[in-house]
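**Student:** Each chain, letter by letter, is given below.
2 protein chains.
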Amino acid sequence: MSTPSIEAVLAHIDANLETSRARWFDLLRIPSISAQPAHKADCRRAAAHMRDLLTGMGFEARLSETTGLPGVIATHHHAGGNAPRILFYGHYDVQPVDPVALWDADPFDPQLIDGPDGQRVVARGAVDDKGQVMMVLEAIRATLAVTGRLPVNLTVLLEGEEECGSPSLDAMLAAERSALAADFVLVADTNMWNRDTPAITTSLRGLAAVELKITGPNRDLHSGLFGGPALNPIRALTRILGELFDENGVIAIPGFYDAIAEIPADMLASWRATGFDEAAWLAAIGLRHASGEAGRSVLEQNWSRPTAEINGIFGGYQGAGSKTVIPAEAGAKLTFRLVPGQDPDRIIDGFKRFVQQRLLPDAHAHFEVFGASPGLMVPIDAPFVRAAREALAAEFGKPPVLAGCGASIPVVEAFERHLGLRTLLVGFGLDDDRIHSPNEKFEMQCFHRGMRAEARMLAAFGVAA
Amino acid sequence: MSTPSIEAVLAHIDANLETSRARWFDLLRIPSISAQPAHKADCRRAAAHMRDLLTGMGFEARLSETTGLPGVIATHHHAGGNAPRILFYGHYDVQPVDPVALWDADPFDPQLIDGPDGQRVVARGAVDDKGQVMMVLEAIRATLAVTGRLPVNLTVLLEGEEECGSPSLDAMLAAERSALAADFVLVADTNMWNRDTPAITTSLRGLAAVELKITGPNRDLHSGLFGGPALNPIRALTRILGELFDENGVIAIPGFYDAIAEIPADMLASWRATGFDEAAWLAAIGLRHASGEAGRSVLEQNWSRPTAEINGIFGGYQGAGSKTVIPAEAGAKLTFRLVPGQDPDRIIDGFKRFVQQRLLPDAHAHFEVFGASPGLMVPIDAPFVRAAREALAAEFGKPPVLAGCGASIPVVEAFERHLGLRTLLVGFGLDDDRIHSPNEKFEMQCFHRGMRAEARMLAAFGVAA
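Quick note, the sequences are listed as chains U and W, same order.
Going by my numbering, the letters in the first sequence line up with residues 1 to 465, in that order.
Going by my numbering, the letters in the second sequence line up with residues 466 to 930, in that order.
If we strip away everything but chain U, and leave its shape as in the complex, we get (with noise of 0.2 Å):
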């Protein structure tokens, strides 16, 4: 990868970091919350100024109309036709800054203040994800500079509406359909292992949403005069309930773990590499043990493996103190975090059959499904994955750790569904960076190191093709 080329875009970055920070300071300075109507106009300012800067850089760039806030959409396909397509996606918005009194700033006067590990910038969005995006935007204004072309046909999306649920994404993924194609999709919203260690994130759970609900009698009834031979419908629930684990915390419904991919020796291996401190892990959420499946390891399980878990249960009296009632209902909420292989339906239709075989006499189980969509795995032999790796190996002399991630990225998720492609998640946060909360920051080394990173792996998309 390290070319005399790609030698010289680093010096460049390296030389011009100051304007590159100054850039950024830009962004960070337009308060565009998305979730506030107070800050619609402050929003649509954000994405007038990253289409003006998109197309200082060279890029052809619009707004994306939408019946919320524009998304940016800027092109630069100039690597001719044999290059592969990526598009960046990003976003421009960000997070309420409540409550501002914790704030030791104004949150969108970004401050540059030494910290323990050197200087951070600190600033509402000055990584989530305004920092990221001017990152990768520095990156590639550095090759421009030094090589005066891109070595891919790249597009750049900036959405509007992250922070606030995405709204108007999968219309307005739907309508660019060809305006957005690609080989793969770059995103930049994720975090490194640690300071010294990056990550890729190579696949997500997906997720299946039902709620049950057991009905019994035909109305509440009194304890005392019917208890015994009325049936309780949260003696039914909890029956039922209590058998979806077995005593090694697998999930007890049958064909659940069918047609789970396995997982690549050398994923397993660097999972083991990274020293994951399980014991410090859980002590942070105050326990001590590892529940879920015996025998596999946190790390395993979170990025890996299926869950079922009770978000919610209810029935009867749940006031102060005591009352003989039999509930005519009583239900429960449970979501199944899915990995590549398993499909949505199929473990819904399993869950609803595990209920069924189990119900008491008179009681009636309903089911509402509230959303289902499968995991997702970015295949770690793919030529985009192995050339973000190996640029990732060449600029921290140490390979990155594949992550799984236990939670959904919706858009994730989108880009899959609308436009087929998958998703390469590299990002450069730390899990300190207080993204979300008061004193949001985002730290020079992160922010340089990622710079050039990104324009490594660039230069390594190039030469993959």
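Any given hint could be a false lead.
[Stated by the list, open to error] What the simulated footprint calls covered on chain W by chain U, stretch by stretch (three residues with Cβ under 8 Å from a Cβ of chain U suffice, anywhere in the stretch; the number is not a length):
no.: 1; region: 697-708
no.: 2; region: 763-771
no.: 3; region: 793-806
no.: 4; region: 827-840
Since the hints were made in silico from the structure, they are not lab data.
None of the values given here were measured: they were computed from a predicted structure.
Backbone N, C-alpha and C fix where the C-beta goes; we use that ideal spot for every residue, glycine too.
Given chain U, put chain W in place with the hints provided.
**Tutor:** What follows is chain W alone, placed relative to chain U:
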């Protein structure tokens, strides 16, 4: 039982039915709603009315003041030192009348109406408990009128706060302990088995109420990021509660059924003889199958077997849709209905052990006990019960059903606790009397035969001494 003098008393009752009804109506016209402060003066007026009525019958009568509404205590102790001492308990207060629009007439303007089974009296308190109290007092009045004496030493206690939770009863029983000394308590506030068949309630279930709370993580967690390895308290809770009953509906707490008194054979036979319609009982509450202990009838379960009921369950998200949360805690409220032989404290201890032995690692159980009272049984071979059984059989031409009551009746427990007295529960209401509801009624034939039966019992109690 049927001596010449009892025949004369019964004839007197038959001949004076209308004047008895007139005195009953006088009491019904006083709106003594104890739960409503606006009716406080009416309640005191009802108390004074009863004191004066008893005085007029030859009792020494007085009010027993409390911090709330007074009781009426009246004694007629002229039967000699060897005669049995009976404490008759009733209450002069009534339920509220809302919604008053659903009444066919003023609830406190008693109506004599033709019904499918003869005349009925419609008013608030018609049966509960003014009608049943006047039925007993008119039987006493007739006995005094015909024989010039009572065969027992009788104390009357009329409470004024039964319909609002008896807040002053404990203190009054403690303060009036010596004035209320007796061999047993007679209560007329229950129902007949049906229009033609009397009933004695010979057992009441006790109650132990407890809340179980399970805690785990030190805060609510995101189930995508923590689900699996992080203990979910709802899982821990349902795992325990799901094992509370075995496949046959038997409560799985070790020792739960130890020391339960056997039901006497003639009582079981009496229950079988009722021809109780299980299918109709179940259909009325929307069910087709009897739950609870397999192989035991609904009546047997309801009247003589202990239960465990989960009256409420709670934890996590209960709103609309879905939320990916692992709650820091989850809980349930349970009541155990207890039968004679079961020690409430040991039952609670057994439940706590049952929970502790099933806790997942890192799950912590917290218990709050809301009260525990034992089950009560009236010995059906005790002289006063035998006397009542024979008197009822003489009046109705068939033996009374020896019924259990699945619920607790607090006043019975209070007599046991404060005065060491057993209670004989014999009443002449019907299940369709609409107590606590609009158009409450008491049928004239029930009032009439009830008076006759009470006179027979009174005579029998004297002989039984």
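**Student:** Do three or more residues of the region 763-771 of chain W come closer than 8 Å to chain U, measuring C-beta to C-beta?
**Tutor:** holds (count 4)
**Student:** For the region 827-840 of chain W, does the count of residues with a C-beta closer than 8 Å to a C-beta of chain U reach 3?
**Tutor:** Result for this restraint: holds, n = 3.
**Student:** How about the region 697-708 of chain W: do at least three of its residues have a C-beta closer than 8 Å to a C-beta of chain U?
**Tutor:** It holds: at least three residues are needed, and the region 697-708 of chain W offers 10 whose Cβ sits within less than 8 Å of chain U.
**Student:** Are at least 3 residues of the region 793-806 of chain W within less than 8 Å of chain U when you compare beta carbons?
**Tutor:** Coverage by chain U holds here, the residue count being 5 at a Cβ distance below 8 Å.
Checked against the numbered hints above, the structure breaks none of them.
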